[in-house]
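Student: Position chain B against the provided structure of chain A, taking the given hints into account.
These protein sequences, in sequence, are chains A and B. Counting along the first sequence from 1, when you hit position 287 you're at 296 in the working numbering, and nothing is skipped either side. Counting along the second sequence from 1, when you hit position 136 you're at 176 in the working numbering, and nothing is skipped either side.
Derived from the structure by calculation, the hints contain no laboratory data. There's no promise every hint is true.
Stated by the list, open to error - Simulated restraints, written as ranges between beta carbons of each label pair:
id, chain 1, residue 1, chain 2, residue 2, range
1, A, D469, B, L128, 46 to 52 Å
2, B, D152, A, L364, 40 to 46 Å
3, B, L73, A, G72, 42 to 48 Å
4, B, R228, A, V376, 37 to 43 Å
5, A, A484, B, D115, 55 to 61 Å
6, A, P318, B, R228, 27 to 33 Å
7, A, I178, B, G84, 27 to 33 Å
8, A, P259, B, M138, 38 to 44 Å
Claimed, not checked - Just some of the chain A residues that point at chain B, by a computed CB distance under 8 Å:
id, residue
9, G166
10, V167
11, G173
12, P192
13, G194
14, A413
15, Q451
16, N455
17, G460
18, E462
Quantities reported herein were computed from a predicted structural model and do not represent experimental measurements. Here a beta-carbon is modelled for each residue, glycine too, at the ideal position from N, C-alpha and C.
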Amino acid sequence: MKHALQKTWQWFEHRLEIGKTVWPLIRHPVPRELRQRVGWLYVFGSTAMTLFALQIVTGICLGMVYVPSAGEAYQSLQHLNYEVEFGWMLRAVHNWSANGMVVLVVVHMAQVFLMGAYKYPRELTWMLGVVLLLLTLGMAFTGQVLRWDANSYWGVGVGAAMAGRVPVIGPDLVQLMLGGAVPGGGTLSRFFALHVFVIPGVLFITLGIHLYLVARKGISEPPEVDKPVDPETYSEAYEQKLATGDPFFPGAFRRDAVFIGLTLLVIIGLAVTLGPSGPGVPPDPTLIDVAPLPDWYFLPLFAILALSPPALETVIILLAPVIVLLVLFLLPVFDRKGQRSPRRRPVAVLIVIVLFVAYGVLWQLGVQEPWSPHMTAWSGEPVPVRMIDDLSPRALQGAAVLQAKTCRNCHALDGKGGQRGPDLTNVATRLTHDALVRQVIQGGGNMPAYGKELTRYEVDVLVSFLETLKPDGNAAARTSVVTDRRN
Amino acid sequence: MEHSEAHMNREPEDDARDIGDSCSSSTDRRSLLRWCAWPILAMGSVAASLPILGFLIGPLLQKRPDRWVDFGPVDNFPENATRLVDLLNPLRGPTDGMTGKMAAYVRRLEGDAFQVLSTHCTHLGCPVSWFQESGLFMCPCHGGVYSEDGERASGPPPRGLYAFEHRVRKGHLHVRLGHLPTLQNPGRSVDV
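Just chain A, with the same shape it has in the complex (with noise of 0.2 Å):
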């Protein structure tokens, strides 16, 4: 029996040749320094390769179902949760699988990044590892398209206008972009080939690439303080290094395997616990009341629309990725020697530092949304019972008149309604009687002239209103104008 086997697999091996080519690669020693704790931080590459081998497996399984019609693509997701055997699994995984190899991509950069493993010989590595960055970011948006539902919808509106600023071209990138005039069944089918076909298939040769220069240009060692990359003397150095190291497979791989085996494991547990994304709202465009949010990670970019000066916007949506790819393409162009340790390098730990922080606080806005006006406000948040004890009546039919005329969309009082203009709850020790009427008849800032919408009487009882909006026991605001007769 023994004998059988060996013999078919040599009849494979003289065909194959698989100890010449394959084996040798994953044989490919790797430093010595790898053996220690900073070698854990080596795995997050083949990890995010591993999330996109998953995505390629579930996607091909959901495509078994999932229909790319705009007309049925909602009724396929709907029957894939509930009527599927493990089809709410599948797109669970798929979900939480996309998210997690958006996380550790740039966490992989990251890595490189502070270990300045872009530097010589290894910058094209890293050009490439950009590119991958922007498919990867593709493949999310494209693949949050393809759920089509109200989200995906004005999502891929948003896109389109954005796309419409460019100056010239705008238009007719519109109607490319959306396949047609409108969003409909060309912006979706349009989408479906180009997250499964186009982008893996440009991912997949550029991951080839990618990893054919990591295994020839070997694992970069770890950094070390004072030891700075020189151009012409690495490549011996790390030849030299090299006969001391490990073969990747099966040593250094453990490490791999382990982290692998750990996130897999998260992503399964998250998928059965949270389970899949939507569909959300159906993809009806005569559904008004929505408030269209794209996927968590794009929330930042969802802020910086909400928060742009409207002067600099259009530079900011056109301009700003092109600079940001740009710069982060060249990096190893213009840093290619020097010092790789992060403890001689603070200019890029602070920058990943910034980035990091400046990414959560815009994540942060964009999950509040302070800018948005509280649709149901004027509605569902009543006037605090403690604002209307003891009013007189033309107060109270103030407060009446806040309600009514949907100021609660915009205030809050008792930090109850919208967050877009003040909080109204103090307003009367910042505000005098006049000012009052000024901004409620000229608006001012963020907030419309309402002069057009009240009557004389409905501005006066509405201000008589807000004059009672101050702590027992403070004074009101005053003018600096000794002559004001309400002192």
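Tutor: Showing chain B alone in chain A's frame:
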């Protein structure tokens, strides 16, 4: 050894000449092949790629103009009020399903004076909600606000709401629409 070296140093032209000496039509065929090989391959490749490229940019070659849609009798719209109208997009495709629907705000002033406004915010296209009580359109995405006549009131939008061309014929309101309005392609509008 000499023979093989000499053999290795031969150029293809040498072979052609040798064979040609014995039969001249072979030389013609071989040089014809040398001349034609790349151009023929190139022609075939171009022929194959042109329809593919044409297909990919198809939406640019196949632009369909907006169409007139009947919104119904003008009496359906009370004066000095704004209504949301649901309709089917005249440019919808056969597979669009519910995505082929469309909405528009119709504001009737006095008599036959109308304004027909798009539901797409001019900032980045999210759907705006109309509040009769305060006479404002509000956008949920980035906080754009428009007044009753569509003028920009507050927030990031760079201009007022997109308006559609419309006319009243035989007591019916007709509106011309279809494409997704964007800043550089808002469509034809009529000022009140």
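Student: Hints first: check each against the structure and report whether it holds.
Tutor: Hints, one by one, checked against the model:
1. A:D469 with B:L128: 46 to 52 Å: Taking Cβ atoms as reference, D469 of chain A and L128 of chain B lie about 48 Å apart, which means the hint holds.
2. B:D152 with A:L364: 40 to 46 Å: violated (58 Å)
3. B:L73 with A:G72: 42 to 48 Å: Given about 46 Å between the Cβ atoms, the range holds.
4. B:R228 with A:V376: 37 to 43 Å: holds (40 Å)
5. A:A484 with B:D115: 55 to 61 Å: Taking Cβ atoms as reference, A484 of chain A and D115 of chain B lie about 57 Å apart, which means the hint holds.
6. A:P318 with B:R228: 27 to 33 Å: Because 30 Å falls inside the window, the suggested range holds.
7. A:I178 with B:G84: 27 to 33 Å: Holds, since I178 of chain A and G84 of chain B (Cβ atoms, about 31 Å apart) stay within the stated range.
8. A:P259 with B:M138: 38 to 44 Å: Violated, since P259 of chain A and M138 of chain B (Cβ atoms, about 54 Å apart) do not stay within the stated range.
9. G166: Holds, because the Cβ-Cβ distance from G166 of chain A to chain B comes to roughly 4 Å (cut-off 8 Å).
10. V167: At 5 Å from the nearest chain B Cβ, V167 of chain A passes the 8 Å test, so the hint holds.
11. G173: Holds: closest Cβ of chain B sits about 3 Å from G173 of chain A, inside 8 Å.
12. P192: The hint holds - P192 of chain A has a Cβ within 8 Å of chain B, the shortest such distance being about 7 Å.
13. G194: holds (4 Å)
14. A413: holds (5 Å)
15. Q451: violated (12 Å)
16. N455: Holds, about 5 Å.
17. G460: violated (11 Å)
18. E462: holds (5 Å)
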